[in-house]
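Asks: Single-letter residue listing:
There are 2 protein chains.
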Amino acid sequence: MKFSNYFIPTLKNNPADAEIVSHQLMIRAGMIKQSSAGIYSWLPLGLRVLKKIEEIVRQEQNNSGAIEILMPTIQSADLWVKSGRYEDYGKELLRFKDRGGREMLYGPTNEELITEIFQSYVNSYKDLPLNLYHIQWKFRDELRPRFGVMRGREFLMKDNYSFDLNEEDAKISYNNMFTAYIKTFLKLGLTPISLRADTGPIGGNLSHEFQVLASTGESTLYYDKELESINPENIEPEKLQSYYAAVDDLHDKDNCPIDEKNLKISKGIEVGHIFYFGTKYSEKLNANVQNNNGEKIPVHMGSYGIGVSRLVGAIIEAFHDDKGIIWPIQVAPFKISLINLMPDDKNCKLECDKLYEIFINENIDILYDDRVCSIGKKLSDNDLIGTPYHLIVGKRDLINNLVELKERKTNISKKLTPEEACNFLIKQINSKK
Amino acid sequence: MKFSNYFIPTLKNNPADAEIVSHQLMIRAGMIKQSSAGIYSWLPLGLRVLKKIEEIVRQEQNNSGAIEILMPTIQSADLWVKSGRYEDYGKELLRFKDRGGREMLYGPTNEELITEIFQSYVNSYKDLPLNLYHIQWKFRDELRPRFGVMRGREFLMKDNYSFDLNEEDAKISYNNMFTAYIKTFLKLGLTPISLRADTGPIGGNLSHEFQVLASTGESTLYYDKELESINPENIEPEKLQSYYAAVDDLHDKDNCPIDEKNLKISKGIEVGHIFYFGTKYSEKLNANVQNNNGEKIPVHMGSYGIGVSRLVGAIIEAFHDDKGIIWPIQVAPFKISLINLMPDDKNCKLECDKLYEIFINENIDILYDDRVCSIGKKLSDNDLIGTPYHLIVGKRDLINNLVELKERKTNISKKLTPEEACNFLIKQINSKK
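In order, the protein sequence lines correspond to chains A and B. With the working numbering applied, the first sequence has no gaps in its numbers, which climb one by one up to 1432 at the end. With the working numbering applied, the second sequence has no gaps in its numbers, which climb one by one up to 1432 at the end.
Derived from the structure by calculation, the hints contain no laboratory data. Where hints are given, some of them may not hold.
Put simply, identical chains are the same to the list, so a pair is met inside one copy or across any two.
[Claimed, not checked] Cut-off 27 Å, straight-line C-alpha distance, at most; resulting in silico cross-link-like pairs (DSS-like, lysine-lysine):
#1 1081 <-> 1096
#2 1408 <-> 1263
#3 1414 <-> 1431
#4 1081 <-> 1431
#5 1426 <-> 1011
#6 1011 <-> 1322
#7 1001 <-> 1413
#8 1050 <-> 1186
#9 1266 <-> 1051
Model, not experiment: these values are computed from the prediction.
Whenever a hint applies, use it, and build me the whole structure from the sequences.
Replies: What follows is the structure, encoded as structure tokens:
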């Protein structure tokens, strides 16, 4: 993509109302624009990242055996009255009446609606287990929306729902999703820490939350340092769930079950939450299945959420420096910034056009900064945007058949021939696909 | 995908409340489920088709030079008060107050919001032309939602907005989008007919609507028969727009500008609408740009909409028979149904497993019907679902090393060796990629 044909409205200064670094950087890099309190438009760069994260979440859901559907944003209040949550949920539930006077709401979560879908079609243990997910916009009317997409009112969430015949099977589904979550966050380049959690307004008996490490995170976590190097492929979920981890107000130094030398303290951000709540909704909404004795029994359910739009902010909190964002290559909006320092110079333009075509033909997402503007603005904009590799073409280097290759993570540059730079980048980027 | 691991809840009988064939077939094929009046959940099969259509629409938008963003579903009423539409729009606009008492709405369209985005960032003719699109759920609180996804309340729309310095440039953008629309509908396997149209509540001076031919369509169209075989690559938009076409109540037999032998009459369904409305919104919302004389002038705008979820219904209206849906291969949820008539037979299972793996390795979307159920149900379910090719494996044929290959469009079958069938299908399907 050529920068001059694209729409990346970067800003030089931090917006006054942005309190945390991810919010500041998303505004400054032209990723989002607030349209009203806690509600954002996703500009091209932000949307690219959001979609890459969404796709990684989707792939891991599919790998886990979950099936994708899409429930609507607007729901009738009827089912929520039946489940008891229409009263209980509080003011975060956005309620309104349609033109016919029917009570409706903008779904903050979908336990009721999915239970109704299940009970409409499934009535035998033979069709279990079933695990349905969707990735849809939700609305929670937060009293004080803030921190950009980290605590917005309209946000994108992946939520899924497991259906099993009994508690034993439901726990297999729960463990399966637990492992899928660890894999998802690792694929996003993050370090997940799982913690036993309260079940809160979803209800139920078993719950974990997932935090990812970020030095600017909101929570302080105490955990077994082995959690930082776990490979979910090689480890049983039960074992994985047994590692010690606690947020600060639940950590009791004197009764900590692990040795102090194995204990690590870091900041984290919550990005996912999973629940097993048994028959809480199936009983109220009549979602029964016949077991192999012909008896009708309420189905056992779990629900599982990942904040997809929140992850954009969380990843920035985890990966940035004082110049801007440092995207993990998996979710980067572009893998490479090709920076033409002298677009008016014939040789620079020729070389850049040639390099651009090479990467386009390799199917590598590349941002070609062909803008006529100051060198300083060009370099600082691309640092801010945070593409993993910057390929910088200047007039003087080019005389010696050299270009500059900068890795954004380390900000270390080296001079290479254009051919060497291409070969290195193509190899690096394809190895991470 | 194995049918037994998937979730396609087919129904034998037509639902009582579905008036038109696409609505009936979508319910029966387990594509959608109504959750409240005019609001649907998309079940796995329906979602697959919706996403394929969305992706074709997206690709043609990208090819046209439009840039993707994503605006939120919920908007503040403020901008609509400024544009004058908060009063004008009528009861189809879903209005409500948030917990802080602020007036909000669920966007039925996005002229106001996009104009505000534009005016926040763009202020020079040098940044024009600009064309921004998004694909997002909309809500229109229809008095009588009906016809399934054809006239729902919550629906998926691609809408985009062009920004130009003056009327002349704006018409280039308009014509560019006109051609992109013709290409989009052709790529979906449909026959588009464009008609001059009233501008309605969007306002403005120039407008076309796009209908696609379907024998069960809602409108009767009179048009130059050449429109059925147009190639938009080879024809100027102005010429394309000059062909005669009119809906029945605007067609005047005695004053028709074309010869009766060139006139064709068919039924159609509206699937797109484009508008040039000049400075209507930019004046009210202060979206000005500096021209090359340094004067600030209001930007010229157009807006362009395609009903993405409506297209699912429209395609079914265009392509079905009394057995069910007949998907054009480009949007089919799966290209092939691999139907094992005897899943309990060892040889049938071995052969099917082998065939399944071949297509999976070829990266071809295939639905493997491995269910243990009656042969009649299997065949009729797959006819209903409407995958383009059915590869049917039965015990008796297999003794002679034969399988049955049925083309859903013609319902004509032939017996081939498994190898011949594979080669034919891989060639056919890859040629349409």
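Asks: Work down the list of hints and note, for each, if the structure agrees.
Replies: Verification of the supplied hints:
{"no.": "1", "hint": "1081 <-> 1096", "verdict": "both (18 Å within a copy, 24 Å between copies)"}
{"no.": "2", "hint": "1408 <-> 1263", "verdict": "within (24 Å within a copy, 63 Å between copies)"}
{"no.": "3", "hint": "1414 <-> 1431", "verdict": "within (23 Å within a copy, 45 Å between copies)"}
{"no.": "4", "hint": "1081 <-> 1431", "verdict": "neither (48 Å within a copy, 49 Å between copies)"}
{"no.": "5", "hint": "1426 <-> 1011", "verdict": "neither (34 Å within a copy, 54 Å between copies)"}
{"no.": "6", "hint": "1011 <-> 1322", "verdict": "within (11 Å within a copy, 62 Å between copies)"}
{"no.": "7", "hint": "1001 <-> 1413", "verdict": "within (24 Å within a copy, 51 Å between copies)"}
{"no.": "8", "hint": "1050 <-> 1186", "verdict": "both (14 Å within a copy, 24 Å between copies)"}
{"no.": "9", "hint": "1266 <-> 1051", "verdict": "within (25 Å within a copy, 41 Å between copies)"}
Of the numbered hints stated above, those contradicted by the structure are hints 4, 5, listed in ascending order.
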